[in-house]
Amino acid sequence: MMRRSYENDLNELHIEIIKMVSLIERAIEDSVRAFEQNDLALCEAIIDQDKTIDDLEKSIESKCLWLIAREQPVASDLKKITTGLKMITDMERIGDHAADIAALTLRLSVRNSFADSGHIPQMAEIAVSMVHDAVTSYINTDLELSKETRRRDDDVDEYFNVIKRELVSVFRSNEDAIDNAIDFLLIAKYLERIADHAVNICEWVEFSVTGKHKDAKVF
Amino acid sequence: MTGEVSRQTVITVKKRRPLETLLYAVILVVSIGVVGLTAFLIVYILIQGIPAISVKFLTTAENPILKTVGIFPSIVNTLYMVLFTLLISVPLGVGGAIYLNEYAKNRRLVGAIEFATETLSGIPSILYGVFGYVFFCVLLRLNVSLIAGVLTLSIMVLPILMRTTQETLKAVPQSYREGALGMGATKWHLIRTILLPCSLKGILTGVILSIGRMVSESAALLLVAGGSAMYMPRGNLFEQMSHSGSTLSVELYRYAMSRGDNKTAFGIAAILIIIVIALNLLTRFLAGRLNR
Amino acid sequence: MKGNTEIQKLRTEDLHLYYGDVHALKGINMDVHSRCITALIGPSGCGKSTFLKTLNRMNDTIPSVKITGKVILDGEDVYGKNVDVTVLRKKVGMVFQSPNPFPMSIYDNIAYGPRVHGQKRRHELDEIVERSLTSAAIWDEVKDRLKKPALGLSGGQQQRLCIARCLATQPEILLMDEPTSALDPISTSKIEELIYDLKKEYSIVIVTHNMQQAARVSDYTAFFLLGELIEYDTTNAIFSSPKVQQTENYITGRFG
Numbered sequence: 009m010m011r012r013s014y015e016n017d018l019n020e021l022h023i024e025i026i027k028m029v030s031l032i033e034r035a036i037e038d039s040v041r042a043f044e045q046n047d048l049a050l051c052e053a054i055i056d057q058d059k060t061i062d063d064l065e066k067s068i069e070s071k072c073l074w075l076i077a078r079e080q081p082v083a084s085d086l087k088k089i090t091t092g093l094k095m096i097t098d099m100e101r102i103g104d105h106a107a108d109i110a111a112l113t114l115r116l117s118v119r120n121s122f123a124d125s126g127h128i129p130q131m132a133e134i135a136v137s138m139v140h141d142a143v144t145s146y147i148n149t150d151l152e153l154s155k156e157t158r159r160r161d162d163d164v165d166e167y168f169n170v171i172k173r174e175l176v177s178v179f180r181s182n183e184d185a186i187d188n189a190i191d192f193l194l195i196a197k198y199l200e201r202i203a204d205h206a207v208n209i210c211e212w213v214e215f216s217v218t219g220k221h222k223d224a225k226v227f
Numbered sequence: 012m013t014g015e016v017s018r019q020t021v022i023t024v025k026k027r028r029p030l031e032t033l034l035y036a037v038i039l040v041v042s043i044g045v046v047g048l049t050a051f052l053i054v055y056i057l058i059q060g061i062p063a064i065s066v067k068f069l070t071t072a073e074n075p076i077l078k079t080v081g082i083f084p085s086i087v088n089t090l091y092m093v094l095f096t097l098l099i100s101v102p103l104g105v106g107g108a109i110y111l112n113e114y115a116k117n118r119r120l121v122g123a124i125e126f127a128t129e130t131l132s133g134i135p136s137i138l139y140g141v142f143g144y145v146f147f148c149v150l151l152r153l154n155v156s157l158i159a160g161v162l163t164l165s166i167m168v169l170p171i172l173m174r175t176t177q178e179t180l181k182a183v184p185q186s187y188r189e190g191a192l193g194m195g196a197t198k199w200h201l202i203r204t205i206l207l208p209c210s211l212k213g214i215l216t217g218v219i220l221s222i223g224r225m226v227s228e229s230a231a232l233l234l235v236a237g238g239s240a241m242y243m244p245r246g247n248l249f250e251q252m253s254h255s256g257s258t259l260s261v262e263l264y265r266y267a268m269s270r271g272d273n274k275t276a277f278g279i280a281a282i283l284i285i286i287v288i289a290l291n292l293l294t295r296f297l298a299g300r301l302n303r
Numbered sequence: 333m334k335g336n337t338e339i340q341k342l343r344t345e346d347l348h349l350y351y352g353d354v355h356a357l358k359g360i361n362m363d364v365h366s367r368c369i370t371a372l373i374g375p376s377g378c379g380k381s382t383f384l385k386t387l388n389r390m391n392d393t394i395p396s397v398k399i400t401g402k403v404i405l406d407g408e409d410v411y412g413k414n415v416d417v418t419v420l421r422k423k424v425g426m427v428f429q430s431p432n433p434f435p436m437s438i439y440d441n442i443a444y445g446p447r448v449h450g451q452k453r454r455h456e457l458d459e460i461v462e463r464s465l466t467s468a469a470i471w472d473e474v475k476d477r478l479k480k481p482a483l484g485l486s487g488g489q490q491q492r493l494c495i496a497r498c499l500a501t502q503p504e505i506l507l508m509d510e511p512t513s514a515l516d517p518i519s520t521s522k523i524e525e526l527i528y529d530l531k532k533e534y535s536i537v538i539v540t541h542n543m544q545q546a547a548r549v550s551d552y553t554a555f556f557l558l559g560e561l562i563e564y565d566t567t568n569a570i571f572s573s574p575k576v577q578q579t580e581n582y583i584t585g586r587f588g
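Protein chains in written order, with our numbering: chain L, 9 to 227; chain E, 12 to 303; chain W, 333 to 588.
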C-alpha cells in the first residue's frame with residue numbers, strides 16, 4: 009500500500025471527527041437532561057465543555073487544510089475531507105446551542121420556575137435522537153439512516169409551532185410568566201436549530217458518498 | 012540521548028590512505044613516462060633525421076650511379092596511397108556503419124558483421140598483404156602496383172573506419188532520431204542533416220587512425236605495391252598508379268635493413284612524422300570547415 | 333463541465349498492439365475530441381506512451397511491433413494502405429519527454445520541419461520561425477540569438493523550443509509524451525500554460541505521470557492499466573467521482 013502517512017493522516021482525521029461528534033452528542037443529551045432535571049452542576053459542566061469542542065473544531069479544520077495543501081487529495085479522499093470541513097461547522101453550532109440551552113437553564117433556575125415546559129421535552133427527545141442518528145450515520149456511512157433522520161426534522165418543526173402556540177397563550181393569560189415563556193421559546197428555537205444542523209450533517213454524509221449536496225451534483 | 016551522542020562522527024581526523032597515495036604516484040610516473048617517451052622519440056628522430064634532409068633529398072629520386080639518395084617518389088607515393096585509400100574506404104566505411112546502425116534489421120547479422128570487423132582490425136597486416144597479392148595483383152591482374160596497394164590498404168582500414176563511425180552513431184542520442192522522424196523526416200534526411208554532422212568527430216578519429224595505419228604500413232605494401240622508389244613519377248595519374256612504387260615506410264625499411272644506411276632512414280622517419288602530423292592537422296581543419 | 337462543442341478528431345477502434353509476444357495494448361476504443369486536451373494517465377508500463385505513439389505511427393520504427401485495429405483520423409485510417417507517414421507526422425506532431433533540440437541553431441531547429449516538407453524560401457522560413465516561436469511563448473527570449481546553438485538554452489526553454497519546432501510544421505494534433513517530466517516547477521507551469529493556450533488551435537493528447545497536471549490542464553482523462561483503457565471520461569468526472577475502483581485507487585495514490 010502506498011502513501012502510508014497520508015493514510016494515517018486520513019485515519020487520524022476520521023478519529024478526531026468521531027471524537028467531536030461524540031462530544032456534541034453528549035453535550036446536547038446532557039443539556040436536555042440538565043434542563044429537565046434542573047441540574048445546575050451539569051449546566052456548568054456543559055458550558056465548560058464547549059471550549060473543548062471549539063478547540064477540536066480548530067484542530068480538525070487545521071488538519072483538513074494541511075491535508076489539502078500537502079496531499080492534494082482527489083475523488084473520494086477530497087469528498088471525505090470536504091465533508092469533515094463542512095460538518096465541523098454544524099457540529100460546533102450544535103455544541104454552542106447545547107451550551108446556550110445550559111445557560112438558559114441556569115437563568116430559569118434563578119427564577120425557580122420550571123412548571124410549564126409544555127412540549128419541550130418531547131421536542132428535545134426528537135432533536136437529540138436526530139443528532140445521535142446523524143452522528144451514527146456519519147460513523148457508519150449509513151445513507152439510509154441519514155435520509156430517515158432528515159425526515160424527522162418536520163416533526164421537530166411541528167413541535168416548535170405547537171410550543172410557540174402554547175407560549176403565546178401563556179403571554180396572554182399570565183403576564184408574570186412572560187420572562188419564563190421567552191426563555192422557553194429560545195430553548196425551543198435552539199432545539200429547532202440543532203435539528204437543522206443535524207439535517208446538515210446528514211446532507212454532508214450523503215455528499216461524502218455521492219458527491220451530491222441537496223440533490224445537486226457538486227463534485 | 013546517548014544514542015544520538017554515539018552517532019556523532021568526528022570528522023577532524025585526517026586518515027592516511029597509503030594505497031591511494033601509492034596509486035596516485037604510479038599513475039603520475041606512468042603518465043610522465045608515456046609523455047616523456049613520446050616526446051623523446053620525436054625529438055630524437057628529428058635530431059637524428061634533420062641532417063639528412065636537404066632540398067635534393069626531398070625533390071629527387073635515388074640515383075645509384077651518382078650515389079645520391081632522394082625520396083621524392085616515396086613522398087608522392089605515400090600521399091597518393093593515403094588520398095586514394097581514403098577516397099575508397101571512407102565512403103564505404105561510413106556507409107557500412109550507417110547501414111549497420113540505422114537500416115539493418117537483423118540483429119544477429121549485424122552482430123556477426125560487427126564481430127568480423129573487430130577480428131579483421133586485429134589481424135596482422137601481412138595477411139592483408141598476402142590476400143592483396145593473390146587477389147588484386149594476381150587474380151585481378153593489377154600486378155604489383157600502387158593501385159593494388161591502395162585497394163589492399165582500403166580493406167585494411169575499412170574495419171577501423173566502420174567501427175569508429177558506428178560507435179559515434181551509437182552515441183548520437185536516440186531522441187534526435189525520434190525528433191526528426193516525428194516531424195516526418197525520412198531516414199535519409201535524418202542521416203544527412205543530423206546523424207552525419209553529429210558523427211563527424213568520430214569519423215574524423217577513424218580517418219586519423221587510418222592515416223596512421225596506412226603511413227606506417229610496410230610489410231603488406233612490400234608485397235602488393237613493390238619496394239622500389241627509383242623513378243620519378245611519370246605519365247598521367249592512371250599510369251602512375253599502375254606502376255609499382257614504395258611508400259616512405261617501405262623505403263625506411265629498405266634503407267635501415269637492407270643497406271644499413273641509418274642516416275637516410277632517420278631522415279625518412281623525420282619526414283614521416285612531419286607528414287603524419289600535417290595530415291592530422293589537415294583532417295581536423297577540413298572537418299572543422301565541414302561542420303560549419 | 334469543461335466540455336466544448338465537441339467534434340471528434342481522432343478515434344481508435346479495437347486497437348491492439350504487440351511487442352513480439354507482449355500484448356501491450358488490448359483493444360483500445362477511444363475518441364479524441366477536437367480542440368480539447370486529452371490526458372493519458374496510468375502507472376509505468378500501462379501502455380499510455382505506446383498508445384500515444386500509435387497515433388502518429390512512431391512505433392513503426394520498432395521491428396517487432398504488430399498492430400491490429402484502426403486509428404481513424406478525420407475519417408482516414410492512419411494504418412491504411414496509401415498513408416504517407418511523412419504527411420501523417422506533419423499533421424500529428426509529437427513532443428517528447430526530455431527536450432531534444434537538435435545540435436544546431438535555434439533557427440535551424442525550427443526550420444527543420446518546414447525544410448523536411450520542402451519549404452526552402454528564406455523569407456517564408458523566417459516568418460514560420462517567428463510565428464512558431466511566438467506561439468510557443470519563447471520568441472522574446474530567443475529572438476536576439478536565433479543563430480546561437482539551441483543546446484545553450486535552459487531545459488524549460490529547450491522544451492518550448494521543441495514545441496515551437498513541432499508547431500512549425502503546422503500540425504492539427506499535438507502528441508506530448510510527458511513533456512514536463514524533466515523540468516522544474518516554474519518551467520512546468522510555463523509549459524502547462526502554453527498547452528492551455530494551444531488548445532484554441534490544436535487538439536492535444538498528453539501523457540503524464542503527474543496526476544495534478546492531468547487534473548489542471550486536461551478536458552478529458554483516460555486511465556490506462558496493463559494495456560487496457562480502464563476509464564475514459566471528462567477530467568471533472570474522473571477526478572471527482574470515478575466509476576471504476578481501479579481509477580479511484582490510482583488517482584488517490586492507493587495503487588497496488
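Warning: the hint list may mix true and false statements.
To be verified - With a straight-line cut-off of 27 Å between C-alpha atoms, the simulated DSSO-like cross-links for lysine-lysine are:
#	chain 1	residue 1	chain 2	residue 2
1	E	212	W	479
2	W	413	W	402
3	E	116	W	479
4	W	402	E	181
Said to hold, decoys possible - Pulled a few chain W residues facing chain L out of the computed Cβ check, cut under 8 Å:
#	residue
5	394
6	401
7	469
8	528
9	531
10	544
11	565
12	572
13	578
14	584
15	585
Because the hints were derived from the structure by calculation, they are not lab data. From the three backbone atoms N, C-alpha and C, an ideal C-beta is built for every residue, glycine too.
What's the verdict on residue 116 (chain E) and residue 479 (chain W), does the C-alpha distance respect the 27 Å limit or exceed it?
violated (37 Å)
Status of the hint placing residue 578 (chain W) at chain L (closest C-beta pair under 8 Å)
Check failed: Cβ of residue 578 (chain W) comes no nearer than 12 Å to chain L, outside 8 Å.
The hint names residue 572 (chain W) as touching chain L; please verify it with the least Cβ-Cβ distance against 8 Å.
Holds: closest Cβ of chain L sits about 4 Å from residue 572 (chain W), inside 8 Å.
Checking hints one by one. Is residue 394 (chain W) an interface residue toward chain L, by the C-beta closer than 8 Å rule?
violated (31 Å)
Would the pair residue 212 (chain E) and residue 479 (chain W) pass a check requiring their Cα atoms to be no farther apart than 27 Å?
Between residue 212 (chain E) and residue 479 (chain W) the Cα gap is close to 22 Å, so the pair holds against 27 Å.
For the hint on residue 531 (chain W), just tell me whether its beta-carbon gets within less than 8 Å of chain L.
Where the cut-off is 8 Å and the nearest Cβ of chain L is about 22 Å from residue 531 (chain W), the hint is violated.
Against chain L, run the beta carbon of residue 469 (chain W) and see if the smallest gap drops under 8 Å.
With a minimum Cβ separation of about 26 Å from chain L (threshold 8 Å), the hint on residue 469 (chain W) is violated.
For the hint on residue 401 (chain W), does the least C-beta distance to chain L fall short of 8 Å?
violated (31 Å)
Does the CB of residue 584 (chain W) sit less than 8 Å away from some CB of chain L?
Holds - the Cβ of residue 584 (chain W) comes within 8 Å of chain L, reaching about 5 Å at its closest.
27 Å Cα cutoff - pair residue 413 (chain W), residue 402 (chain W):
holds (12 Å)
Quick check on residue 585 (chain W) please, does its C-beta sit within 8 Å of some C-beta on chain L?
holds (5 Å)
Need the status of pair residue 402 (chain W), residue 181 (chain E): alpha-carbon distance at most 27 Å?
The hint is violated at about 34 Å.
Comparing the model with each numbered hint stated earlier shows that hints 3, 4, 5, 6, 7, 8, 9, 11 and 13 do not hold.
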